[in-house]
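For the record, the sequence lines run as chains A and B.
Going by our numbering, the first sequence opens with residue 1, and the numbers climb by one from there.
Going by our numbering, the second sequence opens with residue 1, and the numbers climb by one from there.
The set of hints was computed from the structure by calculation and includes no laboratory data.
Quick reminder that beta carbons are idealized off the backbone N, C-alpha and C, glycines included.
Pair ranges (Cβ atoms, derived): (1) A:Ala-10 to B:Val-54: 35 to 41 Å; (2) A:Thr-20 to B:Lys-62: 37 to 43 Å; (3) B:Ser-7 to A:Glu-5: 33 to 39 Å; (4) B:Pro-61 to A:Thr-20: 34 to 40 Å; (5) B:Trp-22 to A:Val-45: 20 to 26 Å.
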Amino acid sequence: SQKIEQNSEALNIQEGKTATLTCNYTNYSPAYLQWYRQDPGRGPVFLLLIRENEKEKRKERLKVTFDTTLKQSLFHITASQPADSATYLCALGGSWGKLQFGAGTQVVVTP
Amino acid sequence: EAGVAQSPRYKIIEKRQSVAFWCNPISGHATLYWYQQILGQGPKLLIQFQNNGVVDDSQLPKDRFSAERLKGVDSTLKIQPAKLEDSAVYLCASSPKAGGSTGELFFGEGSRLTVL
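All chains, please: the whole structure from these sequences, using the hints.
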């Protein structure tokens with residue numbers, strides 16, 4: 001069956017360190033992958049998109065990698081800040097037309 | 001630029017009652033989505049509109065859920081009759097691009113439904 005797996009355990013990290021989140025998938029062949037941020041009681045906000053032919057994308061302190069052989073995307077937040085505390089969702093897109101979201105991983109950055 | 005507007009933000013109803021949610025997408029966005037997000041899960045697509053036509057409603061429980069997008073702008077999502085398992089946040093999103101493209105989605109704040 002098709003699965004998108006993100007760490008269900010919260011990631012607790014100290015301010016200034018790099019947070020690394022994982023998105024693994026099975027039985028999908030995504031053409032692209034998106035990452036969203038969701039704060040409590042709010043809708044998701046788009047952060048980054050990476051296509052299947054791209055290895056890495058960066059945006060300010062964010063970096064995303066996409067390994068179609070490992071069927072995995074890594075999402076990095078460098079020099080993390082308490083304001084980065086939120087839940088981060090990965091979403092897969094492809095020929096099937098609609099985005100499929102993972103359950104998300106909560107990140108807690110402590111000063 | 002105004003974002004995606006949704007109302008009401010919160011709704012509590014008894015099971016078997018009906019409820020309706022309203023969404024106003026970003027001006028000019030052709031594609032509109034309704035997602036259901038159950039606590040602890042990722043958003044699940046219920047229905048996707050391209051202008052005022054339905055592109056995908058494969059995961060919409062059509063025996064109780066209905067949605068329409070009149071004149072290709074605003075949309076309403078209705079649940080009748082509601083069940084306990086419908087307790088969730090209903091997220092509306094819009095995109096300027098056609099369904100199936102790589103475009104980002106712009107989400108509203110969501111409507112939180114509690115069914116007692």
